[in-house]
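Mapping of the sequence shown onto the UniProt record's numbering: residues 1 to 152, in sequence order.
Worth flagging that the hints you see were computed from the coordinates, not collected in a lab. Using N, Cα and C, we set each Cβ at its ideal position, and we do this for glycine too. Treat the hints with care, since some could be wrong.
Quick list of the computed label-pair ranges, beta carbon to beta carbon [unchecked claim]: (1) H121 with R149: 18 to 28 Å; (2) P102 with T78: 28 to 38 Å; (3) A49 with V122: 14 to 24 Å; (4) A35 with K13: 33 to 43 Å; (5) D138 with T78: 20 to 30 Å; (6) Q127 with V75: 17 to 27 Å; (7) N9 with T99: 11 to 21 Å.
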Amino acid sequence: MTYLAKCPNNDCKSFKGDSGNVWVKIDQLAYNPAASPAWASYLLRDQGAKWKVTIPPSLAPGEYLLRHEILGLHVAGTRMGAQFYPSCTQIRVTQGGSTQLPSGIALPGAYNPDDPGILTHVWRINQGQITYKAPGGDVWSGAAPNANRPGP
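Could you build the full structure based on these sequences and the hints that come with them?
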C-alpha cells in the first residue's frame with residue numbers, strides 16, 4: 001500500500017503526517033487469485049524486493065511525504081498478529097497538473113486490530129473461503145494505474 005500526504009506550506013521539515021486525515025492511498029496490491037503469484041508479497045520477492053509506484057501525473061507540484069507499507073499477514077489469524085512495515089520518503093513534485101489531494105485517512109489511527117483486512121485467516125483466503133480487502137480504504141480515483149500489475 002502506498003500513500004501520499006501533502007506537506008503544509010510545502011515544508012516537510014517538521015511535518016510527520018501523524019495528525020489529521022492527510023494520507024491518500026495512491027497504490028495497492030494485495031491478493032488476486034487470478035494472478036500469478038496471487039499475493040503481492042510474492043510479487044515483491046520475485047521482483048528482487050523492488051516496487052514501482054507512479055506519482056499521479058495530474059498532481060499539483062509541491063512537497064509531499066510518500067508512505068509505502070508492507071503488511072505481513074503470516075500471523076494475522078491472531079489478534080494483533082498482523083505486522084506493518086511502513087517506510088516514508090520526502091518527495092518534491094516539480095511538474096504535473098493542478099490536482100490537489102482529497103481528504104484521506106489518519107495514520108496512525110485508521111487501522112483497527114479487528115478490521116477484516118488485518119485480523120484474517122490467510123489459509124481461508126488461499127482456499128477461496130473468504131475474500132481479502134486490504135485496510136486503509138480504496139485507492140484514490142485520481143491515482144495512476146499500478147505499475148507492477150493490474151488488480152486488487
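Structure-based check of all given hints:
For the pair H121 and R149, the supplied restraint of 18 to 28 Å holds, since their beta-carbon distance comes to about 25 Å. Our hint of 28 to 38 Å for P102 and T78 holds, since their Cβ atoms are close to 34 Å apart. Hint check: A49 to V122, Cβ distance near 21 Å, so the stated range 14 to 24 Å holds. Range check, A35 to K13: Cβ separation about 40 Å, and the 33 to 43 Å hint holds.
The supplied range of 20 to 30 Å is met by D138 and T78, whose beta-carbon atoms lie about 27 Å from each other. As the Cβ distance of Q127 to V75 is approximately 18 Å, the hint placing it in 17 to 27 Å holds. In this structure the supplied range 11 to 21 Å holds for N9 paired with T99, their Cβ-Cβ distance being about 19 Å.
The earlier numbered hints are all upheld by this structure, with none contradicted.
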